[in-house]
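S.K.: Each chain, written out:
Number of protein chains: 2
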Amino acid sequence: MTQDTQSTKAPMNGAESLVHSLLASGVDTCFANPGTSEMHFVAALDHIPGMRSVLTLFEGIATGACDGYYRMARKPACSLLHLGPGLANGVANLHNAKKAGSGVVNIVGEHASTHIALDAPLTSDIQGIARPVSHWLRSSASAAAVGADAVLAVQAARTQPGHVATLILPSDTAWNDGGCLHEPIAPPTPTDYDKHALKKAAAALNGPDSLLLLGGSALSAANLEIAGKIAARTGCELLSEWSNARMERGAGRVAVARVPYPIEDALAALAPYRRIVLLGARAPIGFFAYPGKPAVLTHEDAEIIHFVQADGDLGAALQALSQASDAEQTAPVLSQRHTSPLPIGATTAESIAGVLGQCIPENAIVVDEAITTGRAFFAATKGARPHTWLNNCGGSIGYGLPVAVGAAVACPDRKVLALIGDGSAMYTVQSIWTMAREKLDVTILIFANHSYQILRGELTNVGVQNPGPRAIDMLSLDRPAIDWTAMARSMGAEACRVDDCADLAEAMEAGFACQGPYLIEVTV
Amino acid sequence: MTQDTQSTKAPMNGAESLVHSLLASGVDTCFANPGTSEMHFVAALDHIPGMRSVLTLFEGIATGACDGYYRMARKPACSLLHLGPGLANGVANLHNAKKAGSGVVNIVGEHASTHIALDAPLTSDIQGIARPVSHWLRSSASAAAVGADAVLAVQAARTQPGHVATLILPSDTAWNDGGCLHEPIAPPTPTDYDKHALKKAAAALNGPDSLLLLGGSALSAANLEIAGKIAARTGCELLSEWSNARMERGAGRVAVARVPYPIEDALAALAPYRRIVLLGARAPIGFFAYPGKPAVLTHEDAEIIHFVQADGDLGAALQALSQASDAEQTAPVLSQRHTSPLPIGATTAESIAGVLGQCIPENAIVVDEAITTGRAFFAATKGARPHTWLNNCGGSIGYGLPVAVGAAVACPDRKVLALIGDGSAMYTVQSIWTMAREKLDVTILIFANHSYQILRGELTNVGVQNPGPRAIDMLSLDRPAIDWTAMARSMGAEACRVDDCADLAEAMEAGFACQGPYLIEVTV
Numbered sequence: 001m002t003q004d005t006q007s008t009k010a011p012m013n014g015a016e017s018l019v020h021s022l023l024a025s026g027v028d029t030c031f032a033n034p035g036t037s038e039m040h041f042v043a044a045l046d047h048i049p050g051m052r053s054v055l056t057l058f059e060g061i062a063t064g065a066c067d068g069y070y071r072m073a074r075k076p077a078c079s080l081l082h083l084g085p086g087l088a089n090g091v092a093n094l095h096n097a098k099k100a101g102s103g104v105v106n107i108v109g110e111h112a113s114t115h116i117a118l119d120a121p122l123t124s125d126i127q128g129i130a131r132p133v134s135h136w137l138r139s140s141a142s143a144a145a146v147g148a149d150a151v152l153a154v155q156a157a158r159t160q161p162g163h164v165a166t167l168i169l170p171s172d173t174a175w176n177d178g179g180c181l182h183e184p185i186a187p188p189t190p191t192d193y194d195k196h197a198l199k200k201a202a203a204a205l206n207g208p209d210s211l212l213l214l215g216g217s218a219l220s221a222a223n224l225e226i227a228g229k230i231a232a233r234t235g236c237e238l239l240s241e242w243s244n245a246r247m248e249r250g251a252g253r254v255a256v257a258r259v260p261y262p263i264e265d266a267l268a269a270l271a272p273y274r275r276i277v278l279l280g281a282r283a284p285i286g287f288f289a290y291p292g293k294p295a296v297l298t299h300e301d302a303e304i305i306h307f308v309q310a311d312g313d314l315g316a317a318l319q320a321l322s323q324a325s326d327a328e329q330t331a332p333v334l335s336q337r338h339t340s341p342l343p344i345g346a347t348t349a350e351s352i353a354g355v356l357g358q359c360i361p362e363n364a365i366v367v368d369e370a371i372t373t374g375r376a377f378f379a380a381t382k383g384a385r386p387h388t389w390l391n392n393c394g395g396s397i398g399y400g401l402p403v404a405v406g407a408a409v410a411c412p413d414r415k416v417l418a419l420i421g422d423g424s425a426m427y428t429v430q431s432i433w434t435m436a437r438e439k440l441d442v443t444i445l446i447f448a449n450h451s452y453q454i455l456r457g458e459l460t461n462v463g464v465q466n467p468g469p470r471a472i473d474m475l476s477l478d479r480p481a482i483d484w485t486a487m488a489r490s491m492g493a494e495a496c497r498v499d500d501c502a503d504l505a506e507a508m509e510a511g512f513a514c515q516g517p518y519l520i521e522v523t524v
Numbered sequence: 001m002t003q004d005t006q007s008t009k010a011p012m013n014g015a016e017s018l019v020h021s022l023l024a025s026g027v028d029t030c031f032a033n034p035g036t037s038e039m040h041f042v043a044a045l046d047h048i049p050g051m052r053s054v055l056t057l058f059e060g061i062a063t064g065a066c067d068g069y070y071r072m073a074r075k076p077a078c079s080l081l082h083l084g085p086g087l088a089n090g091v092a093n094l095h096n097a098k099k100a101g102s103g104v105v106n107i108v109g110e111h112a113s114t115h116i117a118l119d120a121p122l123t124s125d126i127q128g129i130a131r132p133v134s135h136w137l138r139s140s141a142s143a144a145a146v147g148a149d150a151v152l153a154v155q156a157a158r159t160q161p162g163h164v165a166t167l168i169l170p171s172d173t174a175w176n177d178g179g180c181l182h183e184p185i186a187p188p189t190p191t192d193y194d195k196h197a198l199k200k201a202a203a204a205l206n207g208p209d210s211l212l213l214l215g216g217s218a219l220s221a222a223n224l225e226i227a228g229k230i231a232a233r234t235g236c237e238l239l240s241e242w243s244n245a246r247m248e249r250g251a252g253r254v255a256v257a258r259v260p261y262p263i264e265d266a267l268a269a270l271a272p273y274r275r276i277v278l279l280g281a282r283a284p285i286g287f288f289a290y291p292g293k294p295a296v297l298t299h300e301d302a303e304i305i306h307f308v309q310a311d312g313d314l315g316a317a318l319q320a321l322s323q324a325s326d327a328e329q330t331a332p333v334l335s336q337r338h339t340s341p342l343p344i345g346a347t348t349a350e351s352i353a354g355v356l357g358q359c360i361p362e363n364a365i366v367v368d369e370a371i372t373t374g375r376a377f378f379a380a381t382k383g384a385r386p387h388t389w390l391n392n393c394g395g396s397i398g399y400g401l402p403v404a405v406g407a408a409v410a411c412p413d414r415k416v417l418a419l420i421g422d423g424s425a426m427y428t429v430q431s432i433w434t435m436a437r438e439k440l441d442v443t444i445l446i447f448a449n450h451s452y453q454i455l456r457g458e459l460t461n462v463g464v465q466n467p468g469p470r471a472i473d474m475l476s477l478d479r480p481a482i483d484w485t486a487m488a489r490s491m492g493a494e495a496c497r498v499d500d501c502a503d504l505a506e507a508m509e510a511g512f513a514c515q516g517p518y519l520i521e522v523t524v
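Protein chains in written order, with the working numbering: chain A, 1 to 524; chain B, 1 to 524.
Calculated from the structure, these hints are not laboratory results.
Each residue gets a CB set at the ideal place from its N, CA and C atoms; glycine is no exception.
Hints are not guaranteed to be accurate.
[Unchecked claim] Below, a list of computed lysine to any residue pairs in the SDA-like style, where the Cα atoms sit at most 20 Å apart:
{"id": "1", "chain 1": "A", "residue 1": "Lys-439", "chain 2": "B", "residue 2": "Glu-362"}
{"id": "2", "chain 1": "A", "residue 1": "Lys-382", "chain 2": "A", "residue 2": "Ala-331"}
{"id": "3", "chain 1": "B", "residue 1": "Lys-439", "chain 2": "A", "residue 2": "Asp-478"}
{"id": "4", "chain 1": "B", "residue 1": "Lys-293", "chain 2": "A", "residue 2": "Lys-293"}
{"id": "5", "chain 1": "B", "residue 1": "Lys-382", "chain 2": "B", "residue 2": "Trp-242"}
{"id": "6", "chain 1": "A", "residue 1": "Lys-293", "chain 2": "B", "residue 2": "Leu-118"}
{"id": "7", "chain 1": "A", "residue 1": "Lys-439", "chain 2": "B", "residue 2": "Asp-478"}
{"id": "8", "chain 1": "A", "residue 1": "Lys-293", "chain 2": "B", "residue 2": "Asp-177"}
{"id": "9", "chain 1": "A", "residue 1": "Lys-439", "chain 2": "A", "residue 2": "Arg-52"}
{"id": "10", "chain 1": "B", "residue 1": "Lys-293", "chain 2": "A", "residue 2": "Pro-467"}
{"id": "11", "chain 1": "A", "residue 1": "Lys-293", "chain 2": "B", "residue 2": "Ile-116"}
{"id": "12", "chain 1": "B", "residue 1": "Lys-439", "chain 2": "A", "residue 2": "Pro-469"}
{"id": "13", "chain 1": "A", "residue 1": "Lys-293", "chain 2": "B", "residue 2": "Thr-114"}
{"id": "14", "chain 1": "A", "residue 1": "Lys-439", "chain 2": "B", "residue 2": "Ile-472"}
{"id": "15", "chain 1": "A", "residue 1": "Lys-439", "chain 2": "B", "residue 2": "Pro-469"}
{"id": "16", "chain 1": "B", "residue 1": "Lys-293", "chain 2": "A", "residue 2": "Thr-123"}
{"id": "17", "chain 1": "B", "residue 1": "Lys-293", "chain 2": "B", "residue 2": "Pro-262"}
{"id": "18", "chain 1": "A", "residue 1": "Lys-439", "chain 2": "B", "residue 2": "Pro-262"}
{"id": "19", "chain 1": "B", "residue 1": "Lys-293", "chain 2": "A", "residue 2": "Leu-118"}
[Stated by the list, open to error] Which bits of chain B does chain A cover? Going by a derived footprint, with three or more residues having C-beta under 8 Å, they are:
{"id": "20", "segment": "60-74"}
{"id": "21", "segment": "91-98"}
{"id": "22", "segment": "311-320"}
{"id": "23", "segment": "441-448"}
[Unchecked claim] Which chain B residues stay away from chain A? Per the calculated CB distances, all over 10 Å, these:
{"id": "24", "residue": "Ala-10"}
{"id": "25", "residue": "Ser-53"}
{"id": "26", "residue": "Gly-84"}
{"id": "27", "residue": "Arg-131"}
{"id": "28", "residue": "Pro-190"}
{"id": "29", "residue": "Asn-206"}
{"id": "30", "residue": "Glu-248"}
{"id": "31", "residue": "Ala-251"}
{"id": "32", "residue": "Val-333"}
{"id": "33", "residue": "Glu-350"}
{"id": "34", "residue": "Pro-361"}
{"id": "35", "residue": "Gly-395"}
{"id": "36", "residue": "Asp-413"}
{"id": "37", "residue": "Arg-470"}
{"id": "38", "residue": "Arg-489"}
{"id": "39", "residue": "Ser-490"}
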């Protein structure tokens, strides 16, 4: 229940019942881009205490922030979006959130029911726009229904792994009286693992040609420790998927490498395994198809054991597997704090990786959208101070800065380090303004290679060996080169530019020391 | 046919047949945001001459540029978008294009057909995302089908008024051999006007309580001249819809005021009319619904005569109406060049309007997304030098800068003047980079009121009389204030800031004189 039960006894309009019901269900953070049809919701936020409203200047920031918030808070925030086009602007990051298993409650304003048939300029098929990215979707039919619908949306969003729930509110359902407060409903309990699969999984994990492939909440510190015991006991290897919504790692934790992104590397990494147990992970496939290359990345003789999917109770499954493997008393191998001298000289993909290994602060949240520059970062930070690592699970670029916003709002006492390629950063660059406004402790490293570098490799992968000037030009961002320090300052963030490792380490220290966002343009 | 018929006799892959067929159909401009699944298209662009490829850093720029290009070139450009999320980023401006009647050919990459079932991270329901904004939608089934599908997409886009056509290309249909060049197909001819309605329309237009409401291509200079004859002959009034895709106006042209946006003003403007003839326009309705206010804006006793819709041959309909009204020999009233001293003092909504009236250059293209600041601009520029005026027809903000990109690409010999509110500009701010890269002659006025000013009015309109600090905060952009000159320079554009009318006039002159984009932050 909310603190202000008193006020909920007075007659409410639909918008007020929405805010009260969201608060009662534990949703107390809203990333908002409101428009006219959402004005009653804004008015309700104004006089009902308890909801933190964070303004964003583009809807993709709001939905990406919801994703980052869920990953760190383990509960959904809500977005507030203006009609179909506002929702559409948030769809790419909702796609990413959906693939990451992040729970999100979208509140989307709609024209008043009487207005929809008139086909006004902003009229669109909002349900149609929402459907491809929503697990749960509903338009409220009346002010009286809004409170109950909101509670159902939160319940849906809290389904494990988190779901995307979209609630469409015609503006008359917001402004009409008759709103009702609804009590929260518990989400469904996670599905249980299959006992038969447990036996098969325990038998399969035996020696270095067996692999336990982990995903989802199996990558929490506690669950990784159990996985580490199983690996130490059975001799199996541990890997995670290429993209993980959240992984706990660094010194003192069980290290898990990821299946690589480049297809040749992925094939090589998975070639040794003949028995692969999936625990919250999916069977490895290529990110893209390439002419003449396989899409299934595992060895053709590998047996795939589907033990438990991401919607299962992964902690219980790991416990059971540990027991069945007689691993409970085995000590896992933990990462050691890796201290080596800071790299010296120019900032390159390799030397930056070395700097990160030394400079990630204790308990930091690392948002990784470093794309090509970042390929070596993960391995080099295995022995860094303990930290949390977030990947893009949906592959739509522009996820990193918004997710950093949400993570910072969820964890005000932790430092956020955003590692972003320049091409990706431009997609949702407006995030910097919200970071400055909310004084979010985000240190942003922009890797300025002034190109869509990954696509140059992909051009070769799809069989184009000698791209000509027009093709190269379509993948180049150097004409003009973006001045990232001016960009950051234009939106109220501090910024500097470095091309040397010592300067990078110093700048990172300055970034972590300052309150609010700090952008470092790193020449690569 | 293309100039390089020779090369089309060699075996082609699907991507090459796409480029050749687009060129043969007259589509020679591509606004692109490619990804891996579009690499074969990029490779084809590389070695087939004739297609101008313009790189954008966010898909909303690409689709908005297609909209602006169509409005000025009167033929479609194509976008190149990466999978479902890339398309989703372009949906809001496709919504605007669809409402503006702008023809667009979207080329959207998809995973190879064999890869879709594997549910890779970037897999999504692309057709589902496209459907709400597409008049025409198809996924190519094979390399052999791509050329024919492209030609059909162009045909669909060229339907009057322009349609949004979305062609989805699984990457194997791009890289497989067997592509075929297809000849262009003519679009359907516009529907004819109803002869019975012509008689009714001609009878209705009689005196100042009758209105000829114009939309679509009725707002070309030639068609407006015919409308002006009809008005002069019959005594009827002329108005256009609030939002027009393109209107020719200024000195020497027939002036047409717009139905105002604020609901009270719209009701007052339409109150006098008892007979309203719709010619390419729709019956006036409110942009939004408001509690207790009407949605239909015309007088309850007004007779609405649906003469011809936007898909009709509006020029022929006007000619016929002129003949039926015996107006062919009547002289229309033309706007006089309005020369008055430049306003002096601080830049305000009113004084800026005065500056624009004097400073719009001959034959300029004015892209209007000035929202609240711009309410007085239209009337004040009636007697400016002849120019073209473009409005946002779909209401999704962030249309202006991308449309300016497309208009400038379509008309390299004309000056583009973009009038943009600061809230709107942030939505698609990445446009500035493409303007700098392509050296587009766009002078951008950013009206920096540091708020979503329109929403403050809307809060009152929906009945919130005394918004509190949290509501006001959700509509404020002043914490931090965006430094628009730094923003522009970060992307390679020249910029300055003015707060005085004389400085604004001087800055505009500098903007029109320089090659490439020039941004002027106007304090209001």
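S.K.: Is the straight-line distance between the alpha-carbon of Lys-439/B and that of Asp-478/A 20 Å or less?
M.R.: holds, 14 Å
S.K.: Does the segment 311-320 of chain B contain three or more residues whose Cβ lies closer than 8 Å to a Cβ of chain A?
M.R.: Not satisfied, violated; 0 residues make the cut.
S.K.: Are at least 3 residues of the segment 60-74 of chain B within less than 8 Å of chain A when you compare beta carbons?
M.R.: n = 1 at 8 Å, threshold three: violated.
S.K.: Given the hinted pair Lys-439/A and Pro-262/B, is their Cα-Cα distance within 20 Å?
M.R.: violated, 36 Å
S.K.: Assess, step by step, whether the Cα of Lys-382/A is no farther than 20 Å from the Cα of Ala-331/A, and give holds or violated.
M.R.: Between Lys-382/A and Ala-331/A the Cα gap is close to 19 Å, so the pair holds against 20 Å.
S.K.: Hey, Lys-293/A versus Thr-114/B, does the alpha-carbon distance stay inside 20 Å?
M.R.: holds, 12 Å
S.K.: Would the pair Lys-293/B and Lys-293/A pass a check requiring their Cα atoms to be no farther apart than 20 Å?
M.R.: Not satisfied, since the Cα-Cα distance of roughly 62 Å exceeds 20 Å.
S.K.: Check the hint pairing Lys-439/A with Asp-478/B against an upper bound of 20 Å on the C-alpha distance.
M.R.: Distance of about 14 Å is within 20 Å: holds.
S.K.: Assess, step by step, whether the Cα of Lys-439/A is no farther than 20 Å from the Cα of Ile-472/B, and give holds or violated.
M.R.: holds, 19 Å
S.K.: Would you check whether the claim that Ser-490/B is not at the interface survives, using Cβ distances to chain A and the 10 Å cut-off?
M.R.: Check fails; 4 Å does not lie beyond 10 Å.
S.K.: Asn-206/B clear of chain A by more than 10 Å, beta carbon to beta carbon?
M.R.: holds, 28 Å
S.K.: Given the hint that Lys-382/B pairs with Trp-242/B, does the C-alpha gap stay at or below 20 Å?
M.R.: This hinted pair holds, its Cα atoms lying about 15 Å apart.
Against the hints set out earlier in the document, violations occur for numbers 1, 4, 10, 18, 20, 22, 23, 25, 26, 27, 35, 37, 38, 39.
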